[in-house]
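Colleague: Now for the letters of each chain:
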Amino acid sequence: MSDTVIMPPPASPAPPATDPQQPDVAFAGRRWPLFKLMVKNAILQLLTLGIYRFWAKTWVRRYFWSNTRIKDEPLEYTGLPSELLIGFLIVLAVLVPLGISYHFIELAMAAMPFAAQIALNVFYYVVIIALIQFGFYRMWRYRMSRTAWRGIRFGLEGSAREYVKKSFLWGLLTLATLGVAMPWTRVALMRYRISNTRYGDAPFDFEGSAKALLGPWLVFYVPLILYFGLLAASGLFDSDVMSGTGEPQINTSLAISASLVLFLIFPISIWYRVREFRFMIDSTRFSDVSFKSELETLSIILLGIGTAIVTFFVLLLIFSLIAVVVGIFAGIYHGVYDFEATLAGGEPAAAFVVGVLIILTFLMVTTVIKTVIFQRGIVFQACRTASISDSGAFNRVLQSTAAAPAHGEGLADAFDVGAI
Amino acid sequence: MSWPATYYDGKTSEAHQVSIRILGEQLIVTGANGSTLTHWPAADVQLTDKPGGGGPPRLCCGHGRDDRLILADEADLEWIEPHCPNLHRTTPGWNVYWKPVVLWGGGAVVSVFLLVKVLIPVLSDDIARAIPDGLYHRIGENVSAQVIKLLQLTGLADKTNPVCVYGAGTVVLDSLAARLAQGLDVGVPVDVTIVNSKIVNAMALPGGRIFVFRGLIDFALHGNEVAGVLAHEIGHVAKRHPMQQTVKQGTTSLLIGLLIGDITGGTAIAGMASTLINTSYSRDAEREADAIAVELMNRAGFSARQLGDFFERLQKKQGGKYEKSMALVSTHPLTAERIDAVRRDAARDAPAMSEEDWRSVKQLCK
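Protein sequence lines, in the order shown, are assigned to chains A and B.
Those letters in the first sequence? Residues 0 to 419, by numbering that gives the first Met the number 0.
Those letters in the second sequence? Residues 0 to 365, by numbering that gives the first Met the number 0.
In short, the hints are calculated from the structure, not lab data.
All values reported here derive from a predicted model rather than from experimental measurement.
Among the hints, erroneous ones may be present.
Stated by the list, open to error - Covered stretches of chain B, going by a simulated chain A footprint (3 or more residues, C-beta under 8 Å):
1) 10 to 18
2) 60 to 66
Claimed, not checked - Cut-off 16 Å, straight-line C-alpha distance, at most; resulting in silico cross-link-like pairs (EDC-like, lysine to aspartate or glutamate):
3) Lys-238/B with Asp-66/B
4) Lys-10/B with Asp-200/A
5) Lys-291/A with Asp-281/A
6) Lys-238/B with Asp-125/B
7) Lys-70/A with Glu-13/B
8) Lys-10/B with Glu-80/B
Claimed, not checked - Residues on chain B that point at chain A, a partial pick, calculated with CB under 7 Å:
9) Pro-40
10) Thr-47
11) Trp-103
12) Gly-104
13) Ser-110
We put the beta carbon where it would ideally sit given N, CA and C, even for glycine.
So that you can see chain A by itself, here it is in the shape it has in the complex:
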């Protein structure tokens, strides 16, 4: 090619100045492209026996990141499928032998004394929980290092081992206090994570006290106390009932309302999670910038109900279609094929294949709908209700020179944690 300068088109408009009416954070992703992407991913994952999941995850993350606009500039996901693949292969080469060795120990365990079995079981769960927490931290580190905004990368400092240690010590305290210390546990881990997060070379800070979460957390105890209170009132705990002597005099309507009270836990847990999320966002600082979230519990509950309804009707439609098709084929099969062969056992094999297909269809359909409606909806709501105090601090950040992990998420993948 010759060294000619390409002529520009006439009168290109200058890039528009930032609109003061623009929301601080917005999610611009539409459902249809995500739906197409998820269906393609599901089919390719099925055809490749799951190996395509590293590519699938990367494309889905690109969708979510690039559609999230902060101060009218999108986030960018720079991770590559090959990095996830390598992370997975490392875990396969190292972790699988460990897992299988344990399986053998477990089988041999039956011959051991009871105390040794208990000790081994406890040890096993401690190791698994530690690995999961370790995997979580490494996963966040990888994701942060692959997230960029205005050409500047995010990062997560701190050590995964320190995080595991913290989560164990706080976990023990939570157990010892029958769960009352839970808000402090959550906040301690939150604080470690957020104060170790940086944008470019500038760190985030966390300024929040667990006292703010204690109230919402204690609400969980209300249905539990009501439950046992109602049961006691119904006469279930009376000494003659407990010992099995005498005619039981149980107030049935009270006992039934006791179990209904337990259903309250479901909306309360969503409400608590929303409160916790808002608390986390509100407590985060970046230099002199503060953040605010006004996410509403009702919007999340409605999303959940909507997702359930859509899933139900889509599954109903798909399975009735399958039933019709199978019915037609079965008719042809019986009419044309050697009936004797069917009788001798061709039929059970077909039934088995159909069973497997039904399970796979169910899993694929629910995953697609959950991502397209529920997860996208949560991200959309979280962005819509978020605001950032106006500040120039984001304009003065320098790129960090800290090294980023070369591959990612093998452990998190092995334990199937992290939604997207």
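Given chain A, put chain B in place with the hints provided.
Modeller: Here is chain B on its own, set in the frame of chain A:
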């Protein structure tokens, strides 16, 4: 002479209003004061937000660089496109990452291979032998309940009556099995269950349970054929072959679950189900069970020659249209050598059951 754009230089978070132009093989970025901020090789220019995105097009230069260009208008892509052949690439080529993939992939293959071929077979054998009798029996009860449920669910056994518990035939087979197992150190009580299924099969489960499928009784022409098959399965039980198989499958499905990842739920269940039913023992395990079967038949004074006949008839059916229903063939590999060995070692002549008993066995599940 050029197009307006926004440039993030990858060193600071500040936005620069720039103009860009293409000169030869380079994309040149010029700042507001007229100085050249950077130049990108046109071949390395890529769109960052494929797939998804929306908004004005964003460009990067290869994968390793942090600086980004945001075009003012989607229409500007039209003049960039002809000069940038890799504009729509989504990932770097294989040349960037083949080394770690080959290295760790090789490590993973070696590790999985060693597990499947060396560690699992050796350890499953030792563990199966180490399990105490009481526990072995309890495991067996669990497994047999699961297998019956599975056979029912998959339609391999009758939905309403998966097992046949009534009829004189059940008593005949139970006492026959007890007599055959007499004097053999099985460690657990042998228990015969007749499965209401068309399939020609018999299998030994961990813990001394033996499943005989109705299809096998229908296929048998002589009482000693059924007795021989029972003796053969008792041989598997005594040698704890089913337990070895269970251990092997547990570990293998664990491995497969990890390999397949997300969509495991369904496939793992399916895999488990099919292996449980269609487990094939090794040639050595079959020879061991055959030898014990003939020895038990001889000791009880029964003729084991009919077992050879039975195997021969089964073998002839192999590969035919009945292949699928001949599960016994696929779970118990048959060879001419095995048939000859059974006939050679069979030393006694008595029938294993009276004509009347044989009729009652034939009437099972009817």
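Colleague: Against the structure shown, which of the earlier numbered hints fail to hold, in ascending order?
Modeller: 3, 8, 9
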